[in-house]
Amino acid sequence: MSTLILVREKLHINKENALGYILLIPSIVIFAVFTFWPLFYTVYLSFFDWNMISPSKEFVGLRNYFDVLTDPRTYQILGNTFLYIVLLLVINCVVPYIFAFVIDVVLTRLKGFYKSAMFLPAFISLVVGSILFTWILNPVSGPLAIIFGWVGLEIPNWTKTEGWIIVVLSIITSWKVFGYNFILLYASINGISREIIENARMDNIPLWRIFLQIILPMSSATGIYVFIITIVQSLQYVFTPVKVVSQGGPDYASSNLIYHAYHEAFVVFRTGHSATISIITMALFLLLLFLEFKFVERRIYYEN
Amino acid sequence: MKINRTAEVTWHIIFFAAVILLIFPIVYALGMSFKPLEDAYNNVLNIVPFQSTLENYITLFDTLPVLRITLNTFVIATVATIFKVVTAFLAAYAFVYFDFRGKNILYFVLISTIFIPFTVTMIPNYLIVSEMGLLDTVWGVILPQLADAVGIFLIRQSMKNIPLSLIEVARLDNTGHWKIMKDIVLPLVRPAVTSIGIWFFISTWNEFVWPVLIMKTTDNYTLPLALQMFISVEGGTNFTVAMAVSVVTMIVPLALYLTFQKYIIGTFTSSGIK
Numbered sequence: 001m002s003t004l005i006l007v008r009e010k011l012h013i014n015k016e017n018a019l020g021y022i023l024l025i026p027s028i029v030i031f032a033v034f035t036f037w038p039l040f041y042t043v044y045l046s047f048f049d050w051n052m053i054s055p056s057k058e059f060v061g062l063r064n065y066f067d068v069l070t071d072p073r074t075y076q077i078l079g080n081t082f083l084y085i086v087l088l089l090v091i092n093c094v095v096p097y098i099f100a101f102v103i104d105v106v107l108t109r110l111k112g113f114y115k116s117a118m119f120l121p122a123f124i125s126l127v128v129g130s131i132l133f134t135w136i137l138n139p140v141s142g143p144l145a146i147i148f149g150w151v152g153l154e155i156p157n158w159t160k161t162e163g164w165i166i167v168v169l170s171i172i173t174s175w176k177v178f179g180y181n182f183i184l185l186y187a188s189i190n191g192i193s194r195e196i197i198e199n200a201r202m203d204n205i206p207l208w209r210i211f212l213q214i215i216l217p218m219s220s221a222t223g224i225y226v227f228i229i230t231i232v233q234s235l236q237y238v239f240t241p242v243k244v245v246s247q248g249g250p251d252y253a254s255s256n257l258i259y260h261a262y263h264e265a266f267v268v269f270r271t272g273h274s275a276t277i278s279i280i281t282m283a284l285f286l287l288l289l290f291l292e293f294k295f296v297e298r299r300i301y302y303e304n
Numbered sequence: 001m002k003i004n005r006t007a008e009v010t011w012h013i014i015f016f017a018a019v020i021l022l023i024f025p026i027v028y029a030l031g032m033s034f035k036p037l038e039d040a041y042n043n044v045l046n047i048v049p050f051q052s053t054l055e056n057y058i059t060l061f062d063t064l065p066v067l068r069i070t071l072n073t074f075v076i077a078t079v080a081t082i083f084k085v086v087t088a089f090l091a092a093y094a095f096v097y098f099d100f101r102g103k104n105i106l107y108f109v110l111i112s113t114i115f116i117p118f119t120v121t122m123i124p125n126y127l128i129v130s131e132m133g134l135l136d137t138v139w140g141v142i143l144p145q146l147a148d149a150v151g152i153f154l155i156r157q158s159m160k161n162i163p164l165s166l167i168e169v170a171r172l173d174n175t176g177h178w179k180i181m182k183d184i185v186l187p188l189v190r191p192a193v194t195s196i197g198i199w200f201f202i203s204t205w206n207e208f209v210w211p212v213l214i215m216k217t218t219d220n221y222t223l224p225l226a227l228q229m230f231i232s233v234e235g236g237t238n239f240t241v242a243m244a245v246s247v248v249t250m251i252v253p254l255a256l257y258l259t260f261q262k263y264i265i266g267t268f269t270s271s272g273i274k
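First to last, the protein sequences are chains D and R.
Numbered per full-length UniProt numbering, the first sequence spans residues 1 to 304.
Numbered per full-length UniProt numbering, the second sequence spans residues 1 to 274.
FYI, nobody ran anything at the bench for these hints, they're computed from the structure.
By construction, the Cβ of each residue, glycine as well, lies at the ideal position given by its N, Cα and C atoms.
Take these hints with a grain of salt, some might be off.
If you anchor each label on the Cβ, the simulated ranges turn out as follows [stated by the list, open to error]:
#1 D:G112 x R:A7: 18 to 24 Å
#2 D:D251 x R:N104: 45 to 51 Å
#3 R:T269 x D:V29: 30 to 36 Å
Residues of chain D placed beyond 12 Å of chain R at every Cβ, according to the derived structure [unchecked claim]:
#4 R63
#5 L107
#6 V167
#7 E264
#8 F295
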């Protein structure tokens with residue numbers, strides 16, 4: 001008798017579990033076909049020489065990796081990527097952190113207004129942002145150039161200037177990314193107990209110390225998350241202004257690893273190089289996540 | 001305790017400047033789209049279209065199948081959103097209310113796909129779409145975009161906020177999972193699911209990278225692709241028309257945001273990342 005119940009229970013649990021798997025089937029199928037198989041296929045392609053059209057692929061072993069890693073252009077693009085990361089982190093991680101803190105903790109008025117206004121561009125196409133900023137920042141006849149002209153300043157010819165092009169494309173990307181990160185950080189800071197903050201302020205602890213010693217550690221889970229998505233996702237968002245405004249130019253000065261992989265695959269049709277660059281990019285992202293888990297994750301504070 | 005008045009005013013000035021930086025381009029596009037080209041060039045700083053005209057919109061509708069393009073954008077965004085929300089809801093339900101072998105690993109693997117750069121899957125996905133004969137079609141744009149784990153993550157997050165006892169009581173009453181899903185869980189996570197749905201809809205509406213690879217003919221373009229045709233660093237002869245396309249591209253996301261902003265910000269603030 002008891003064994004029967006046991007068996008039944010077991011069957012019941014199995015049936016239950018089966019339903020769990022069934023609910024996951026749509027997601028698993030989608031991810032298997034459009035993420036995991038492609039991932040392996042890209043690894044495979046990185047060992048072949050191919051142009052996406054020819055019926056045959058030539059196995060070249062590690063030559064693509066050798067080519068890519070010895071090409072000085074790769075290091076130029078890696079440098080660009082790094083510059084993008086630094087700029088994006090300052091504009092979309094550091095600044096919104098401080099903004100979220102001040103708006104939530106310090107200010108008493110207009111909080112709701114700032115929140116909705118700053119979040120708004122997150123809902124607009126980055127192509128719209130690219131086209132608008134290209135015009136607003138036009139160095140000859142754009143509105144900003146005219147205002148600058150009044151005080152004798154000039155806007156550099158950024159589309160043709162190494163360095164400036166990355167600065168402007170980062171600003172365009174940030175226009176879209178800023179508000180999203182701001183809202184996430186605001187939410188996290190808003191979740192911190194008011195009591196702790198009020199006590200600190202009662203003790204006349206200066207705001208910058210409240211920020212560094214209370215807010216920063218207590219919102220660190222979200223902070224780290226925003227830090228990582230800024231690197232991983234903003235870098236991909238940069239693709240749109242690069243493609244629309246500069247096509248990676250002048251002479252690769254605005255290309256990053258993401259755009260370069262696209263350029264190799266769909267502009268010059270070197271799928272092997274493209275796949276290799278993508279795999280290297282992913283390896284760098286994984287390294288970042290690994291470092292985060294190893295050195296930061298254990299020390300951060302989870303709000304929930 | 002209060003902060004001093006000067007500090008508060010300074011902060012407000014900084015935030016106003018930031019808001020202007022963020023909002024100005026949108027207002028600017030709106031104003032310019034109603035200006036004759038000559039006026040736009042001669043009075044660059046004047047946003048208000050005093051000699052307002054619809055000629056830019058007329059030119060736009062004459063040169064491009066705008067309705068068709070808007071419809072493409074709408075269909076892609078709607079279908080992708082429905083698929084993504086439904087599959088994410090089911091997956092999140094499985095992850096929260098079932099125990100099965102390999103659950104945690106599977107969850108971890110799915111969520112880590114958020115951190116895979118799109119270029120890693122770009123070439124094979126292009127080949128898959130091409131093999132399926134879906135190049136230059138709506139489905140070719142939709143299918144690869146469905147693989148997005150953000151929905152699973154966010155919906156699971158809000159399901160975990162439901163007290164487990166509620167589900168346990170229902171289970172003891174022998175209520176089936178479909179009924180629990182439909183009558184208990186869904187109503188409770190509906191605000192989050194709606195906000196995530198709106199977010200998906202707008203992201204797909206604005207998506208540029210993938211449609212630009214798949215869509216070849218103007219008739220099949222989505223709005224961001226149509227807009228790209230008008231871009232030129234010098235401003236170009238079609239500058240005011242480009243502003244009109246920008247407005248057409250922005251109008252739906254903007255309307256959705258203005259209608260649901262409280263709701264959306266609420267969801268992001270309560271079930272965000274923890």
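Are any of the numbered hints broken by this structure? If so, which, sorted upward? 5 and 7
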